Amino acid sequence: MFNKKKQPPIKSLIAEGSQIDGNFGFSDGLRVDGAIVGNIRAKSDLPSILVISESATVTGDIHADHIIINGTVHGAVHALVLLELQPMARIQGDVHYTALEMHQGAIIAGQLRPILGAEEKPTLKLAANNA
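For the working numbering, count along the sequence shown from 1 and bump the result up by 71.
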């Protein structure tokens, strides 16, 4: 997973206050602080990371290797390597994951659908509140 390999750099930003209407493709890393009405898809030939911040809203499906969500997603989520759901994550749609880390407070209104590889079962990690 990404813990053993270097994560790709975040090279693109959709700033808070901006909105993109239409599908959006990216390579390496993308951080969304604004709004996207359309699908987001990382190029499949390179490792990718997608960050949906607390101020972000995505209405559409998202596809990337490593996805970190702390905002709102109305659509299916497809994390091929790791999905991290931060405390303010709000997802309305099915979640497809290989490994899942979910913090207390995150909400999913949809089904959890593990992506089963040929080698092993998916990893589920519960984030404990260490306060």
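In case anyone wonders, no lab produced these hints; they're calculated from the structure. Small disclaimer: the values here were computed from a predicted structure and weren't measured. Be a bit skeptical, because a hint or two may be false.
As the list claims (entries may be wrong) - Subject to a maximum C-alpha distance of 16 angstroms in a straight line, what follows is the list of computed EDC-like cross-link-like pairs (lysine to aspartate or glutamate):
hint, residue 1, residue 2
1, 77, 104
2, 114, 132
3, 82, 104
4, 82, 99
5, 114, 99
To see whether the hints hold, each was checked on the structure:
{"no.": "1", "hint": "77 - 104", "in the structure": "23 angstroms, violated"}
{"no.": "2", "hint": "114 - 132", "in the structure": "14 angstroms, holds"}
{"no.": "3", "hint": "82 - 104", "in the structure": "14 angstroms, holds"}
{"no.": "4", "hint": "82 - 99", "in the structure": "7 angstroms, holds"}
{"no.": "5", "hint": "114 - 99", "in the structure": "8 angstroms, holds"}
Hint compliance for this structure: hint 1 alone is broken.
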